[in-house]
Structure formats: structure tokens, C-alpha cells
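Student: Here's the letter readout for the chains.
Protein chains: 2
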Amino acid sequence: MSKIKGSGKGTRKETIIKAAAALFREKGYGAASMRDLAEKVGVEAASLYNHIRSKAEILQEICFGIANEFIVYMDEVENSQLTELEKVEKILRKHIQMMITRHERVYVTDHEWKHLPEPYYSNFHNQRRTYRKRFTAIIEQGIKKGEIKRIDAPTAVIILLQSVNGIESWHRSNHRISAAALEENMVSILIEGIKKN
Amino acid sequence: MSKIKGSGKGTRKETIIKAAAALFREKGYGAASMRDLAEKVGVEAASLYNHIRSKAEILQEICFGIANEFIVYMDEVENSQLTELEKVEKILRKHIQMMITRHERVYVTDHEWKHLPEPYYSNFHNQRRTYRKRFTAIIEQGIKKGEIKRIDAPTAVIILLQSVNGIESWHRSNHRISAAALEENMVSILIEGIKKN
DNA sequence: CCTACCGATCGGTAGG
DNA sequence: CCTACCGATCGGTAGG
Chain R
762 MSKIKGSGKG TRKETIIKAA AALFREKGYG AASMRDLAEK VGVEAASLYN
812 HIRSKAEILQ EICFGIANEF IVYMDEVENS QLTELEKVEK ILRKHIQMMI
862 TRHERVYVTD HEWKHLPEPY YSNFHNQRRT YRKRFTAIIE QGIKKGEIKR
912 IDAPTAVIIL LQSVNGIESW HRSNHRISAA ALEENMVSIL IEGIKKN
Chain D
762 MSKIKGSGKG TRKETIIKAA AALFREKGYG AASMRDLAEK VGVEAASLYN
812 HIRSKAEILQ EICFGIANEF IVYMDEVENS QLTELEKVEK ILRKHIQMMI
862 TRHERVYVTD HEWKHLPEPY YSNFHNQRRT YRKRFTAIIE QGIKKGEIKR
912 IDAPTAVIIL LQSVNGIESW HRSNHRISAA ALEENMVSIL IEGIKKN
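Those sequence lines, one after another, are chains R and D. Every number in my numbering is 761 more than the matching position in the first sequence, counting from 1. Every number in my numbering is 761 more than the matching position in the second sequence, counting from 1.
Some hints here could point you the wrong way.
No distinction is drawn between identical chains; accordingly, a pair holds when it is met within one copy or between any pair of copies.
Listed below are the simulated DSS-like cross-link pairs for lysine-lysine, each with C-alpha atoms no more than 27 Å apart in a straight line [claimed, not checked]:
| hint | residue 1 | residue 2 |
| --- | --- | --- |
| 1 | LYS906 | LYS851 |
| 2 | LYS956 | LYS788 |
| 3 | LYS894 | LYS788 |
| 4 | LYS910 | LYS779 |
| 5 | LYS801 | LYS855 |
| 6 | LYS816 | LYS905 |
| 7 | LYS801 | LYS957 |
| 8 | LYS816 | LYS774 |
| 9 | LYS851 | LYS774 |
| 10 | LYS816 | LYS906 |
| 11 | LYS906 | LYS774 |
| 12 | LYS905 | LYS957 |
Worth flagging that the hints you see were computed from the coordinates, not collected in a lab. Because the structure is a prediction, the values reported are computed rather than measured.
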């Protein structure tokens with residue numbers, strides 16, 4: 762018989778990180794205090810430190826956890842036999858889906874990673890640059906093959922990745938359209954925007 | 762003979778706000794301290810309060826100053842005789858140009874307005890919603906006229922406005938392409954993405 | 001997991 | 001514009 766903690770939804774540490782993701786998204790990392798977090802979790806602030814080492818550690822777990830998921834997916838796509846345009850669409854859809862289903866952590870990762878202490882900051886920064894370069898390379902290859910129109914590839918990457926962040930405002934505004942419809946609309950506009958012809 | 766303060770570039774208060782915009786962009790509003798700001802300006806922290814009433818007042822001036830500029834431009838475009846698609850392009854170009862030439866204030870406005878104290882927060886929130894609704898209405902009209910393809914207009918607005926924020930990373934990465942080329946690439950991808958046929 | 005508390009730092013004020 | 005300082009709050013620790 763295994764020892765079940767909390768309400769059966771992972772470890773106590775996971776519960777804390779989940780609450781922290783919501784809190785950091787709402788207030789920003791700097792403005793969110795450990796006392797706020799403790800209240801959300803239902804303990805005294807000091808008790809949090811039995812599960813986590815520091816406030817910064819929570820941010821690290823969020824940022825590197827999300828980043829890793831994107832990197833693993835990028836590996837998959839790169840090794841597939843899809844056309845370059847299909848690869849771009851796949852990656853775009855992954856970002857949209859992550860933003861829809863895990864928006865708190867994704868949002869925090871994207872907006873608060875600057876607050877990571879060294880050496881995590883530099884580490885994250887490098888991972889991010891590498892990821893974008895890999896994405897850029899796919900688009901450049903697609904241009905070379907004539908699948909994608911002659912645009913500046915890094916600019917295209919910026920547009921694709923930034924657009925996805927707008928889903929935040931879809932989330933806040935009571936789901937006027939379904940997640941599936943949102944995804945199709947975004948893909949339609951963006952893939953059409955870079956496709957040749 | 763008028764009294765010239767600072768290095769002839771506006772009032773002392775403007776100097777402070779300009780330095781604050783750079784600081785808030787770099788560290789975030791919450792993590793930027795008045796002592797940091799004072800050091801940048803070259804005075805003691807207490808001296809700042811001879812020119813500004815509070816830290817929050819600086820954020821207000823930045824956010825409402827930028828928002829107002831966009832609203833004034835929206836008025837102009839709405840009253841013009843352009844096609845709806847041309848109106849969308851005009852507004853998109855305005856956002857791109859503002860982000861290129863005034864990126865510190867625009868970035869801070871977009872990322873830190875949540876930290877405005879009430880009633881400024883609600884006020885800003887309303888202005889923002891109204892602006893987006895006006896932009897959405899232009900796109901909906903363009904769809905009705907057959908200039909723009911049948912997409913969800915609010916989703917299109919999200920994509921157009923969010924994409925522009927990516928210019929931040931262009932700014933950081935040593936201007937690989939010119940501002941003009943960046944603008945043309947963004948317009949090409951995004952307007953092509955929403956245009957009919 | 002709690003009580004009690006630490007040194008540091010925060011935004012801001014008094015008074016000159 | 002400065003010195004001196006305020007009360008509040010911060011992240012985190014000691015000790016149980």
C-alpha cells in the first residue's frame with residue numbers, strides 16, 4: 762500500500778507548484794509572496810520550505826518542465842518524414858494546445874523566466890535560443906523547397922510563437938468560441954500567411 | 762529666458778519616466794525598486810518624490826500615454842475612406858512602428874498594466890477592451906465586404922496584436938534585419954494570412 | 001507543520 | 001535635492 766498524500770493528485774510539492782503557477786500568472790513572480798502562496802495551499806509560509814528549497818526553485822521547475830516538453834516534441838517533429846510546412850503546422854499546433862490546456866505554466870514560463878537566478882537564467886536563455894533556431898531552420902528549409910514563401914524566417918518564428926500568447930486573452934474572456942475552433946482559426950491565418958501561393 | 766532643466770530634453774519628470782520605462786522593461790514593475798530608479802537618474806531615492814507622487818504614478822503615465830496614442834490613431838483610421846483591409850494594415854503598421862521606435866514604453870504598457878492600482882486598472886482594462894472591439898469591428902466589416910476571409914475576428918485581432926510583441930526579441934538580437942524589412946515581413950505574413958484569396 | 005523570529009529591503013515621509 | 005528614518009513586508013531559518 763503506497764502512501765497517498767494530498768487528495769491523490771501527486772505529491773505535496775506538485776500541489777505547491779500548481780498553486781504557485783496560478784499565483785505567478787495572476788500577480789507576476791515578483792509581486793507574488795510566499796505568504797500568498799501558503800494561504801492558497803492552506804499552510805503557514807514556513808511550512809512550504811519542508812517541500813521546496815526556495816521561491817526560485819518553484820520557478821525553475823515550472824520553466825524547465827515546460828521547456829523540456831517543447832524540446833521533446835521538437836525532436837519528434839524533426840525526425841519525422843513530414844514536409845517542412847507540415848512540421849511548422851505541427852509545432853504551431855503543439856504551442857496552441859499547450860497554451861490552451863496548460864496555460865498557467867506556459868504563460869508563467871514565457872513571462873517570468875527572466876526572474877530565474879543564475880545560472881538557471883543563462884541556461885534557460887540558451888535553450889530558448891536553440892529551440893528558436895531549430896524552428897527557424899525548418900522554415901528556411903521549407904523556403905528552399907518552395908513550400909513556404911520568401912520571408913525572413915526568424916521573423917516568421919517570432920510571429921508564430923508570439924501569436925499563441927494571445928490565447929491568454931481567449932482564456933480570460935469566457936471561451937466565446939471552442940478551443941478547437943480557436944486552434945483552427947489560428948492555424949488558418951498563420952499557415953496561410955506563410956504558405957507559398 | 763526659460764529655465765532649462767536636465768540636458769534640454771524635457772522636464773525632470775520626463776527624464777525620470779524615461780529611465781523608469783527602461784527599468785520596468787528590464788526588471789518588471791514589481792522587481793524594480795525606487796532606489797534602482799534613483800541610481801539611474803543620479804539622485805537619492807527620496808528626491809524622486811519632488812517630481813512624482815508615487816511609483817504607481819509613473820506606471821500610469823506610461824500606460825495611459827501609450828494607450829492614448831493608439832486611440833487617437835484609431836479615430837483617424839476609422840474616419841478615413843480606406844477599405845477595411847487597408848484600415849487593418851494601417852493599424853498593424855502603427856503597432857509595429859510604435860514597438861520599433863518606442864519599445865520600452867509599449868512593452869511596459871503591455872506587460873505591466875496589471876499592476877496599475879484601482880481605479881486606474883479598471884479604467885485601463887476598459888479602454889483596452891474598447892480598442893480591441895473597434896479593431897474587431899473593422900475586421901468583421903471587411904469579412905462582410907468580402908475583403909477578408911471568413912475567420913473569427915477576435916482571434917484575428919489577438920494574432921495581429923500579439924505578433925507585434927515579438928519585435929522585442931528583434932530589438933534584443935542586434936537588428937539582424939532593418940526595421941523597414943521587419944515591418945514588411947510582418948505585414949506580408951499577417952495581411953496575407955487574413956486576406957481573401 | 002507550527003510559532004517565533006531574523007536581516008534585508010521596500011515605498012514613502014519629515015524636515016531642512 | 002539630501003539625511004535620516006518610518007512601518008510594512010519580504011524570503012527564509014531555528015527549533016521543536
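Student: Against this structure, judge whether each hint is valid.
Tutor: Going through the hints against the structure:
For the identical chains of this complex, LYS906 and LYS851 are intra-copy neighbours only, at 18 Å inside a copy versus 32 Å across copies, given an alpha-carbon limit of 27 Å. For the identical chains of this complex, LYS956 and LYS788 are neighbours neither inside a copy (39 Å) nor across copies (38 Å), given an alpha-carbon limit of 27 Å. Proximity of LYS894 to LYS788 under the C-alpha cut-off of 27 Å is restricted to the inter-copy arrangement: shortest distance 26 Å between copies versus 31 Å within a copy. Proximity of LYS910 to LYS779 under the C-alpha cut-off of 27 Å is found in neither arrangement, the shortest distances being 41 Å within a copy and 40 Å between copies.
Taking the shortest Cα distances, LYS801 and LYS855 never come within 27 Å of each other, neither inside one copy (30 Å) nor across copies (42 Å). Taking CA atoms no more than 27 Å apart as the test, LYS816 paired with LYS905 passes in neither setting, with 46 Å inside one copy and 51 Å between copies. Taking the shortest alpha-carbon separations for LYS801 and LYS957, neither the intra-copy value of 50 Å nor the inter-copy value of 49 Å comes in at or below 27 Å. For the identical chains of this complex, LYS816 and LYS774 are intra-copy neighbours only, at 12 Å inside a copy versus 35 Å across copies, given an alpha-carbon limit of 27 Å.
Taking the shortest Cα distances, LYS851 and LYS774 never come within 27 Å of each other, neither inside one copy (32 Å) nor across copies (49 Å). For the homomeric pair LYS816 and LYS906, neither the shortest alpha-carbon distance inside one copy (47 Å) nor that between copies (53 Å) is at most 27 Å. With identical chains, the CA atoms of LYS906 and LYS774 are never at most 27 Å apart, being 48 Å at best within one copy and 55 Å at best between copies. In the homo-oligomer, the alpha carbons of LYS905 and LYS957 lie at most 27 Å apart both inside one protomer (11 Å) and across protomers (26 Å), since each shortest distance falls under that limit.
The earlier numbered hints that this structure contradicts are 2, 4, 5, 6, 7, 9, 10 and 11.
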